[in-house]
Structure formats: structure tokens, C-alpha cells
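S.K.: Read top to bottom, the protein sequences are chains A and B.
Everything in the first sequence is counted per the working numbering, starting at 35 for the first residue and increasing by one.
Everything in the second sequence is counted per the working numbering, starting at 24 for the first residue and increasing by one.
Possibly wrong hints are sitting among the right ones.
[Claimed, not checked] Pairs of lysine to aspartate or glutamate, EDC-like flavour, derived with a Cα cap of 20 Å:
no., chain 1, residue 1, chain 2, residue 2
1, A, K608, A, D657
2, A, K661, B, D143
3, B, K113, A, D143
[As the list claims (entries may be wrong)] Here are some, though not all, of the chain A residues that point toward chain B, as calculated from beta-carbon distances under 10 Å:
no., residue
4, V261
5, F432
6, I434
7, K435
[Claimed, not checked] Simulated coverage check for chain A against chain B, where a stretch passes if three residues somewhere in it have a Cβ under 8 Å from a Cβ of chain B:
no., stretch
8, 107-116
9, 262-271
10, 321-327
11, 397-404
12, 590-599
Honestly, the hints are just simulated from the structure, not real lab data.
Every residue gets a Cβ at the ideal spot worked out from N, C-alpha and C, and that includes glycine.
Chain by chain, the residues:
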Amino acid sequence: MHGRMDLSQFKTQAVAEAPALSEALALDRRNFVRLALGTGAGLVIGGWAPAGAARAEAVAKAATADGVFTPYVTITPDNVVTVIVKHQDKGQGIATGLSTLVAEELDADWAQVKPEFAPANVELYKNFFFGVQGTGGSTAIANSYEQYRKAGAAARAMIVEAAAKRWGVDAATVMVAKGVVTSGAHTATLGELAKEAAAVPVPAEPKLKAPENFVYIGKSFPRVDSVAKTSGARIYTQDVQLPGMLVATLARSPRFGGTVKSVDDKAARAVKGVVDVVTLPKGVAVLATSTYAAIRARDLLQITWDDSNAETRGTDAIIAEYKALADKPGLVARKGDDVAGALAKSDKVIEAEYVFPFLAHAPMEPMNCVLQFKDGQATLWTGSQLQTVDQAVTGAIFGIKPENVIINTLWAGGSFGRRGVYDSDYIAETAQIVKTSGRSEPIKLVWTREDDIKGGYYRPLYVHKVRVGLDKDGAILGWHHRIVGQSIATGTPFESAIVKDGIDGTSVEGVADTPYEIPNMHVELHNTKVGAPPLWWRSVGHTHTAYVMETMIDEIAALAKKDPVEFRLSLLAKHPRHRAVLQLAADKAGWGTPPAEGVFRGVAVHESFKSFVAEVAELRMVDSKPKVERVVAAVDCGIAVNPDNIRAQVEGGVGYGLGAILHSKVTLKDGVVDQGNFDGYEVLRFNEMPKVEVHLVASDAAPTGIGEPGVPPIGPAVANAIAAGTGHRVRILPFADGLKLG
Amino acid sequence: MTQFKLNGRDVSVESEDDTPLLWVVRDELGLIGSKFGCGAAQCGACTMYLDGQPIRSCVTAVSDVSGKEITTIEGLSGKVADAVRDAWVKLDVVQCGYCQSGQIMAAAALLSDNPKPTDDDIDGAMTGNICRCNTYQRIRAAIHVASDTLKA
Numbered sequence: 035m036h037g038r039m040d041l042s043q044f045k046t047q048a049v050a051e052a053p054a055l056s057e058a059l060a061l062d063r064r065n066f067v068r069l070a071l072g073t074g075a076g077l078v079i080g081g082w083a084p085a086g087a088a089r090a091e092a093v094a095k096a097a098t099a100d101g102v103f104t105p106y107v108t109i110t111p112d113n114v115v116t117v118i119v120k121h122q123d124k125g126q127g128i129a130t131g132l133s134t135l136v137a138e139e140l141d142a143d144w145a146q147v148k149p150e151f152a153p154a155n156v157e158l159y160k161n162f163f164f165g166v167q168g169t170g171g172s173t174a175i176a177n178s179y180e181q182y183r184k185a186g187a188a189a190r191a192m193i194v195e196a197a198a199k200r201w202g203v204d205a206a207t208v209m210v211a212k213g214v215v216t217s218g219a220h221t222a223t224l225g226e227l228a229k230e231a232a233a234v235p236v237p238a239e240p241k242l243k244a245p246e247n248f249v250y251i252g253k254s255f256p257r258v259d260s261v262a263k264t265s266g267a268r269i270y271t272q273d274v275q276l277p278g279m280l281v282a283t284l285a286r287s288p289r290f291g292g293t294v295k296s297v298d299d300k301a302a303r304a305v306k307g308v309v310d311v312v313t314l315p316k317g318v319a320v321l322a323t324s325t326y327a328a329i330r331a332r333d334l335l336q337i338t339w340d341d342s343n344a345e346t347r348g349t350d351a352i353i354a355e356y357k358a359l360a361d362k363p364g365l366v367a368r369k370g371d372d373v374a375g376a377l378a379k380s381d382k383v384i385e386a387e388y389v390f391p392f393l394a395h396a397p398m399e400p401m402n403c404v405l406q407f408k409d410g411q412a413t414l415w416t417g418s419q420l421q422t423v424d425q426a427v428t429g430a431i432f433g434i435k436p437e438n439v440i441i442n443t444l445w446a447g448g449s450f451g452r453r454g455v456y457d458s459d460y461i462a463e464t465a466q467i468v469k470t471s472g473r474s475e476p477i478k479l480v481w482t483r484e485d486d487i488k489g490g491y492y493r494p495l496y497v498h499k500v501r502v503g504l505d506k507d508g509a510i511l512g513w514h515h516r517i518v519g520q521s522i523a524t525g526t527p528f529e530s531a532i533v534k535d536g537i538d539g540t541s542v543e544g545v546a547d548t549p550y551e552i553p554n555m556h557v558e559l560h561n562t563k564v565g566a567p568p569l570w571w572r573s574v575g576h577t578h579t580a581y582v583m584e585t586m587i588d589e590i591a592a593l594a595k596k597d598p599v600e601f602r603l604s605l606l607a608k609h610p611r612h613r614a615v616l617q618l619a620a621d622k623a624g625w626g627t628p629p630a631e632g633v634f635r636g637v638a639v640h641e642s643f644k645s646f647v648a649e650v651a652e653l654r655m656v657d658s659k660p661k662v663e664r665v666v667a668a669v670d671c672g673i674a675v676n677p678d679n680i681r682a683q684v685e686g687g688v689g690y691g692l693g694a695i696l697h698s699k700v701t702l703k704d705g706v707v708d709q710g711n712f713d714g715y716e717v718l719r720f721n722e723m724p725k726v727e728v729h730l731v732a733s734d735a736a737p738t739g740i741g742e743p744g745v746p747p748i749g750p751a752v753a754n755a756i757a758a759g760t761g762h763r764v765r766i767l768p769f770a771d772g773l774k775l776g
Numbered sequence: 024m025t026q027f028k029l030n031g032r033d034v035s036v037e038s039e040d041d042t043p044l045l046w047v048v049r050d051e052l053g054l055i056g057s058k059f060g061c062g063a064a065q066c067g068a069c070t071m072y073l074d075g076q077p078i079r080s081c082v083t084a085v086s087d088v089s090g091k092e093i094t095t096i097e098g099l100s101g102k103v104a105d106a107v108r109d110a111w112v113k114l115d116v117v118q119c120g121y122c123q124s125g126q127i128m129a130a131a132a133l134l135s136d137n138p139k140p141t142d143d144d145i146d147g148a149m150t151g152n153i154c155r156c157n158t159y160q161r162i163r164a165a166i167h168v169a170s171d172t173l174k175a
């Protein structure tokens with residue numbers, strides 16, 4: 035009854051028992067792989083609302099409440115249209131996006147539409163790509179485009195029928211525009227008709243508008259959260275205050291995988307406001323009546339750690355091991371016909387080795403979670419991103435059914451992947467603290483920034499080694515590519531959906547499926563084990579694969595003395611959408627005209643999450659460092675539901691990617707993370723933000739992702755501009771390490 | 024016990040002297056608009072005004088504000104504040120929004136001192152405020168829009 039998840043398999047178990055979780059979360063491999071690898075055709079959504087018990091329950095509820103129409107849209111007599119948002123909004127704007135879809139088909143006035151996050155209920159609110167309720171992979175609009183329009187259209191049909199009945203007119207004469215319902219001289223608001231409309235049966239197949247009649251989609255629909263986020267009123271998890279609530283901090287091992295051997299908590303307990311100290315296998319938690327007491331007391335804990343199973347290598351040693359592996363055969367992710375022969379007969383072979391660091395997501399709101407366990411029920415308040423997983427993990431810790439885990443999904447202060455965790459780490463920690471302490475008060479676990487930077491769940495460190503054979507004219511004869519790094523999905527509930535024959539799709543996406551017409555292309559992968567847990571980081575594998583592909587292609591073009599745009603186009607004959615964004619970005623950037631004195635240009639194009647983005651970067655070298663001044667992006671993400679939000683996501687994606695390639699890295703010394711705050715883990719600052727122009731390719735294709743696709747091209751575009759200006763090809767990231775000039 | 028003025032009202036708190044103002048305001052006085060982002064004066068999410076000047080409340084001991092006037096995002100008002108907020112909404116600056124209280128406090132402080140800032144002035148005033156959604160471009164544009172409103 036719960037779709038692809040068999041919740042009955044959950045027993046009381048430690049969270050670390052990932053395989054059991056994996057079996058229980060039997061995801062829809064076909065859709066997930068399509069998503070992860072970006073290779074599928076469009077998604078076909080079956081029914082917009084589930085049949086069966088949940089639907090019946092919702093309809094029954096409609097009969098007893100004023101204006102509850104469906105699990106997705108509510109219209110109340112106060113003339114408020116509430117859109118029940120099944121995705122998490124961490125700033126990407128999906129609450130606005132889903133509100134737009136509903137308002138469009140309902141013909142509501144945008145000012146009367148209010149979003150509300152859905153409760154955790156996999157049957158009603160699953161992400162069709164995942165088979166579980168969750169947000170990620172830039173799927174939200176692609177997944178919901180039809181469903182939420184149908185929800186709006188269904189509500190409209192019910193309103194129209196109620197109006198026709200009230201006024202004794204033919205339904206065909208009833209018009210709805212900007213929230214006002216009319217027929218001849220009759221007029222009413224949506225709210226005035228809500229109660230009568232609620233009695234109308236929910237249509238199974240409501241009729242959708244033709245795109246030429248859209249009033250909101252493709253136009254401007256203001257963000258639904260701008261006002262609350264400029265007044266200081268918006269509540270995030272960090273802001274939750276409940277009666278009797280305690281605040282917890284958790285001292286974790288400085289080395290990944292370390293456990294508590296012994297603890298002296300006398301000094302910590304003496305801090306005013308400290309209520310309790312509890313020891314978990316992975317750390318020691320301080321419970322206090324205020325946040326600062328919990329933070330200060332934690333510093334006073336004297337903990338001896340057992341490092342016998344901990345990661346004790348430094349990143350230098352890890353990189354050395356990866357480089358050695360890159361010289362050995364790995365698992366074949368793409369078989370080249372005769373790559374050895376092609377390289378042997380080449381006039382020139384370029385050999386390139388790339389090193390990408392661990393990256394923390396570092397959302398502005400560090401991880402946190404409020405949890406109360408009472409009367410056999412766990413209630414969470416948190417920016418949950420994978421509600422079904424979070425329910426399963428929490429339920430397993432308390433030995434209760436997942437449906438007895440209530441999740442209040444809150445607005446998240448950023449995520450970039452960090453809040454959608456296969457083992458729900460920060461939620462599991464909270465649950466273990468609550469369980470171990472045996473307390474029935476709500477407890478808020480707070481991570482500090484240092485916890486966040488040192489806490490793992492990083493974009494993994496990767497090494498790529500590439501050998502490309504060229505003929506005397508510079509044409510590619512063969513391409514041998516090895517990738518070395520941790521698999522994100524292996525050992526997680528997502529393994530069965532993402533990993534096939536040992537190849538994690540997210541490790542090789544963007545290389546193994548490159549659109550470039552490359553003969554004899556052979557790709558291998560080495561999966562490595564490191565104590566630091568890996569995680570998807572805004573655009574996942576494309577964070578490194580796009581960099582390698584787009585800088586290599588650029589170098590090959592330069593060797594052949596070909597224009598970088600023309601050269602790419604010549605290898606993309608069968609990929610019109612890549613070509614279109616590349617040409618649009620080049621045109622808008624004035625690619626054919628020489629840049630100003632001292633300005634260098636670079637270009638990159640990449641597909642991710644089924645969207646296509648090309649970016650042209652313009653920079654100056656100032657004190658031997660790049661100062662990126664302007665970025666021109668062209669985007670094809672199918673139908674643009676909200677063009678301004680698409681621009682915002684690409685602007686932000688450019689900044690997010692640029693900060694990472696310029697500055698960001700997490701390094702380990704003897705297993706201990708070197709960085710702790712934004713002074714060590716540097717990110718993009720205001721004065722480094724280039725002027726970003728975003729141009730959209732008009733499209734009538736189904737909408738695809740936009741939260742992530744702006745990120746991958748910026749690194750290589752900047753690197754290629756640096757090469758154009760200095761001749762230096764940066765292959766060690768960040769540039770702070772890899773670009774040493776003068 | 025420390026006494027100070029918070030958004031125009033007298034308050035007195037029992038917090039220990041070295042408790043950062045941020046936690047006093049958030050946990051004890053219940054105003055949650057000022058955010059915890061770093062605890063180390065690195066990100067600006069906690070920006071408040073001390074006698075009208077922006078400070079990092081996460082590293083300001085509560086005892087240091089004794090007898091002084093503190094303004095938070097909740098108490099930010101007046102012509103400049105209105106112009107800034109209106110510009111933020113008009114341009115849809117926010118994404119996750121978590122840093123924006125601090126961004127708005129910093130922008131309003133800049134415009135109060137310098138109603139017609141250049142891009143360099145804006146860089147100087149805003150570079151201490153991190154936004155991980157990287158809304159910097161729209162913040163810059165919104166500061167210019169607010170500046171135009173104030174001139175008009």
C-alpha cells in the first residue's frame with residue numbers, strides 16, 4: 035500500500051544498518067537512473083492524485099470541512115488558496131513554482147495564494163522520480179508540472195460547477211479570472227464558493243489550459259516568500275521555540291569513524307543551564323536550556339576517543355593513493371572499441387591528471403532538528419528534504435512505525451544537497467539523543483559552523499586521469515578516461531537505484547554519457563573507501579566531470595587552433611539543444627568580437643538534470659589571480675514556468691560554483707579536518723560576484739531541472755578563460771592551490 | 024544582570040556577562056530574525072546595530088551593550104528600511120533567505136551613511152555578509168534601487 039517502499043521491513047535497528055534500509059527503500063530504479071544519468075525521455079505521470087485509501091480519506095475530509103478540495107489545494111471561505119507543497123523549499127523557489135502552477139489553472143489571483151508544506155505521507159506526496167517523498171536532483175518542477183496544474187484545474191472545475199448550481203446557469207457561461215468568478219451579472223470570489231464547491235466530486239481528469247492561455251506560467255509570478263524573508267519573520271528550524279524545549283550540541287570524534295572511549299563531563303555539567311550530558315556511540319551530547327550554554331559546555335567535555343576504526347589518513351595520502359589507482363585498470367563504465375590502438379597510432383597524446391577536493395555544502399543555516407518523542411510518536415520540526423527516509427530512520431531508532439513519525443517540514447536555510455541525506459544523519463543524531471536521554475521534552479540539536487565544515491557528507495575528493503589521442507590535424511582518435519573516488523550511493527538506500535555493476539552513475543555522469551562525438555572513448559572507475567561520508571553537492575557528479583570534459587575539449591580545440599565554440603559545435607551535430615544554448619551564449623557574449631584589453635573569455639556547455647546550460651566567462655588577471663567580471667549564460671530547461679526564478683537559480687549557481695573553484699576545499703591531516711569556519715573554508719564573497727546575464731531558449735519541451743544545472747559550466751568556463759589569457763591549464767582545484775603564476 | 028534598549032524598549036537579562044548578544048536576543052528575548060551562521064564574525068547573518076552602527080552580535084558579549092541601544096531586523100524601520108525592503112521584494116532578491124536579515128541590516132546601514140553608494144562602496148559594505156545562495160547580484164541591484172527611491 036505504500037508504493038515501492040515496504041515499510042513493514044523496518045524493525046528497531048541502528049541507523050548504521052544501511053543495507054536493511056536499502057532493501058526497504060526499493061526505489062524505482064528506472065526513473066531514478068534516468069534522472070541521475072540524465073538519459074531518459076520525458077516522465078509520464080499517471081494519476082495526478084493517488085487512488086485508494088488516501089484519496090478516499092481526502093475526499094471524505096472534503097465533505098466535512100469547509101473547502102478542503104484535495105490533498106494539494108485548499109480554498110477556504112476567507113478567500114485564501116492554500117497550495118500544499120510536497121517538496122522542500124530551501125531557496126530554490128518551489129513553493130512559488132507550485133503556487134504558480136495551481137494559480138494558473140485555478141485562475142486565482144497570485145496575492146491570495148499561500149503555500150504550506152505537506153505532511154510526510156509517501157502515498158500522497160511522493161516524488162515520482164524517487165518513489166519516496168523527497169526533493170533533489172532538480173526534479174521538483176519536472177515532477178510536479180502536470181500534477182499541480184491538474185490540482186488547480188480540478189479545483190477550478192469544482193468552483194465552476196458550484197457557481198453554475200448557485201446561480202442556476204450553464205457551467206459553460208461561468209468565467210474565472212484573477213480569483214473572481216462571474217456569469218453574466220453574477221459574481222463571487224473563490225472563497226465565497228468554497229464551501230459549495232467542496233461538495234462537488236473531485237474530477238478525475240480535469241482539463242488543462244492550452245499554453246497560449248497561460249497568464250502566470252512563463253510570465254512573472256512574484257516569490258511567495260519575499261516579504262517574510264525580508265522582515266525577519268520567517269521561521270527556520272533554528273528558530274523553533276517550544277515549551278520546555280532543550281537545546282543539544284553533540285561532540286563528535288575529530289576523526290571520521292571514531293567512537294567514544296570515555297568522557298569526563300564534570301566541567302560541562304557545571305555550566306549554568308546544562309541539564310544533562312548523554313553519551314552516544316558516535317559522540318557526547320550536552321542538553322541545556324539555552325543554545326549558548328549547550329555550545330559552551332560542549333567545549334568543556336573531556337573525551338577520549340577510540341580511533342581504532344577511524345579514518346587517519348590525510349588528504350595528501352588519499353590523493354597519492356588515488357593517483358596510483360588512476361594508473362591501474364578499473365571498472366568499465368563505457369567500453370571504447372579500440373582505445374589502445376587509437377592512442378598507439380595517434381600523432382599526439384595529451385595526458386592530464388585532475389584533482390578535486392572534498393567540498394562542504396555550507397548552507398547558511400547549519401544542520402539542526404527539533405524532535406519530541408511522546409506517547410509512542412515522534413514529531414520532528416526540521417527542513418526535511420527526504421521525508422520518507424527521515425521517517426524510516428527515526429522510526430527505526432525508536433522502534434515505531436514510520437507513519438508514527440510526524441514531520442513538520444520547515445523552510446530550509448539552504449541545503450545544496452546537505453539536508454537530503456541517505457542516513458538522515460542530523461535527524462538520526464537528534465533521535466538518538468532524545469532516545470538515550472529518555473526525555474519527553476522537545477530537543478533541538480544545533481550544529482555549529484565548525485560542526486558543519488568538519489562533519490563530513492562532502493562532495494567527494496576525485497582524481498581524473500585522461501589520455502586523448504589526436505591525429506596530425508588535431509582530430510580526436512581515442513579518449514581514455516579514469517575516475518577515482520568514493521561512490522555516493524553505495525551502501526545507502528539509494529544503491530539499488532543508482533549503482534549498477536559497481537558503477538555509481540553519479541561518479542561518471544557527464545563523462546560516460548558525453549554528447550561529444552568522440553571515437554574510441556573508454557571510461558573506467560575506481561570506487562574508493564574513505565571515512566568521510568560522501569554526499570551529493572549541488573549538481574553532484576557534474577561538479578567535477580563537466581570541469582574535466584570542458585577543459586579537455588577546450589585544450590584540444592586550442593591545439594588544433596580551432597575556435598572553442600566552433601570546435602564544440604562540430605562535435606555536437608546530433609545535439610541541437612546543446613548547440614542552441616552554446617550559440618545563444620556565444621552570441622549574447624559577443625564571442626565573435628574581440629574582448630576589451632586585458633579581458634579573456636572562456637566557454638563551456640554542459641547538460642545536467644536534463645537541462646542544457648552554456649556559459650561564457652570574462653575575466654581579468656589581477657595580481658596573477660582571476661577576477662571574473664561577467665558571465666553570460668544560456669539555458670534550455672524546457673518550458674520556463676518562472677523565467678525570473680530560472681535566472682535567479684542560474685545567477686546563484688554561477689556564484690556557488692565559482693566560489694568552490696576559486697577557494698573551497700576541505701583537507702585532512704592525519705584524519706582531522708583542517709578547516710572549521712568561513713575563514714578556512716572560503717566561499718564566494720560579495721565583491722567577487724560577477725555580473726551574470728541569463729538568457730533562456732524558448733522551448734515547448736516538458737520542464738526540467740534548474741536548481742543545479744547552472745553550476746557545472748562555470749568552473750571550466752573560467753578555467754578556459756584563464757588558459758586563453760595565460761596559457762595555463764588549471765588541473766588542481768581550487769585555483770588557490772592549482773593556479774600558481776608569477 | 025545587563026540592561027539595554029532593544030528596538031526602543033528597555034530590557035534586562037540575567038545572562039552571564041560573556042554570553043553573545045545574539046543568543047541573548049534569540050533565546051532569552053525571543054527575537055529570532057537575527058540569525059546564527061558562523062558564531063565567529065565571519066558571515067554577517069547576525070548583524071544588529073549598536074547605537075546605530077552594525078555589529079556582529081555573535082561575538083559581542085552582552086555585558087558590552089549595557090546601557091546601549093540595540094536594533095535588530097525586527098526593529099529596523101524608517102524611510103531607508105522601507106526603501107531597502109521594498110527593493111528586496113521588487114527584485115525578488117531572496118532565495119533561502121537565512122542570511123537576508125543580515126544583508127538588509129548591512130544595506131540599510133550603508134544607505135543611511137551614504138545614500139548614493141557606488142559599486143565599490145557597496146562591495147566595501149557588503150563583503151562581510153555571506154550568502155550561500157549567492158544572491159549578491161540582486162542585492163547590489165536592490166541597493167541601487169533603494170538608493171534611487173531615497174533620492175526621488
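S.K.: Tell me if chain B covers the stretch 107-116 of chain A under the three-residue, 8 Å CB rule, please?
M.R.: With 0 residues in contact (Cβ-Cβ under 8 Å with chain B), the coverage given for the stretch 107-116 of chain A is violated.
S.K.: Please check whether the stretch 397-404 of chain A has three or more residues whose CB lies within less than 8 Å of a CB on chain B.
M.R.: holds (count 4)
S.K.: Are A/K608 and A/D657 close enough, with their CA atoms no more than 20 Å apart?
M.R.: Not satisfied, since the Cα-Cα distance of roughly 42 Å exceeds 20 Å.
S.K.: Would the stated hint for A/F432 survive a check requiring a Cβ distance to chain B of less than 10 Å?
M.R.: With a closest approach of 27 Å, the A/F432 hint is violated.
S.K.: At least three residues with a C-beta closer than 8 Å to a C-beta of chain B: is that true for the stretch 321-327 of chain A?
M.R.: holds (count 3)
S.K.: When I compare C-beta atoms, does the stretch 590-599 of chain A have three or more residues closer than 8 Å to chain B?
M.R.: Result for this restraint: violated, n = 0.
S.K.: Have a go at the A/V261 hint: is there a Cβ in chain B nearer than 10 Å to its own Cβ?
M.R.: Nearest chain B Cβ about 6 Å off; hint holds.
S.K.: Between A/K661 and B/D143, is the straight-line Cα distance small enough, at 20 Å or below?
M.R.: Judged against 20 Å, a Cα distance of about 15 Å means the pair holds.
S.K.: Can you confirm whether the C-alpha distance between B/K113 and A/D143 stays at or below 20 Å?
M.R.: 18 Å, holds
S.K.: With 10 Å as the cut and Cβ atoms as the points, is A/I434 at the interface with chain B?
M.R.: 31 Å, violated
S.K.: Restraint: A/K435 near chain B, CB-CB cut 10 Å. Satisfied or not?
M.R.: 32 Å, violated
S.K.: In terms of beta carbon proximity below 8 Å, does the stretch 262-271 of chain A have 3 or more residues touching chain B?
M.R.: n = 9 at 8 Å, threshold three: holds.
Of the numbered hints stated above, those contradicted by the structure are hints 1, 5, 6, 7, 8, 12, listed in ascending order.
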